[in-house]
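K.L.:
Sequence:
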Amino acid sequence: MLGFDLEHRTVRAHGFELPYDYLIVAAGATTPILAMMNGAACPRLKTIEDALEIRRRILLAYELAEREAALTGKHRR
1 MLGFDLEHRT VRAHGFELPY DYLIVAAGAT TPILAMMNGA ACPRLKTIED
51 ALEIRRRILL AYELAEREAA LTGKHRR
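Residue numbers for the sequence shown follow the working numbering, so the first one is 1 and each next one is one higher.
Derived by calculation from the structure, the hints in this document are not laboratory data. Glycine is no exception: its CB is placed at the ideal position from the N, C-alpha and C atoms. There may be inaccurate statements among the hints.
Derived DEER-like restraints, expressed as beta-carbon distance ranges [claimed, not checked]:
1) H14 x R57: 35 to 43 Å
2) F4 x R44: 27 to 35 Å
3) A51 x P19: 33 to 41 Å
4) A13 x R56: 49 to 57 Å
5) L52 x E7: 40 to 48 Å
6) D5 x E63: 51 to 59 Å
7) L59 x L18: 39 to 47 Å
8) K46 x G15: 24 to 32 Å
9) D50 x L18: 28 to 36 Å
10) I48 x A27: 19 to 27 Å
Derived SDA-like pairs: lysine to any residue, alpha-carbon spacing no greater than 25 Å straight-line [said to hold, decoys possible]:
11) K74 x D50
12) K46 x Y62
13) K46 x I58
14) K46 x R56
15) K74 x E63
16) K46 x I24
Construct all of the structure, not just a fragment, from the sequences and the given hints.
P.N.:
Here's what the structure looks like:
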């Protein structure tokens, strides 16, 4: 159980109390499962591996665009 005792300036969690001088409470967020990006599921960004995968996808898109431009003399907009 998680709770706040604002009068005594403590946070209660897992059977113990933690005193605080300043308390900042932030709401969490979840990855949007149904978000779409060009017909593919939107990549999440929660770990270094996720960031590296996004970087890989971006670089691959640039490489494919360069290859298409080299082969056809133009690129899609």
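K.L.:
Compare the structure with each hint and give your call.
P.N.:
These are the hints, each one checked on the structure:
no.	hint	verdict
1	H14 x R57: 35 to 43 Å	holds, 39 Å
2	F4 x R44: 27 to 35 Å	holds, 30 Å
3	A51 x P19: 33 to 41 Å	holds, 36 Å
4	A13 x R56: 49 to 57 Å	violated, 38 Å
5	L52 x E7: 40 to 48 Å	holds, 47 Å
6	D5 x E63: 51 to 59 Å	holds, 57 Å
7	L59 x L18: 39 to 47 Å	holds, 44 Å
8	K46 x G15: 24 to 32 Å	holds, 29 Å
9	D50 x L18: 28 to 36 Å	holds, 31 Å
10	I48 x A27: 19 to 27 Å	holds, 24 Å
11	K74 x D50	violated, 32 Å
12	K46 x Y62	holds, 24 Å
13	K46 x I58	holds, 17 Å
14	K46 x R56	holds, 16 Å
15	K74 x E63	holds, 14 Å
16	K46 x I24	holds, 22 Å
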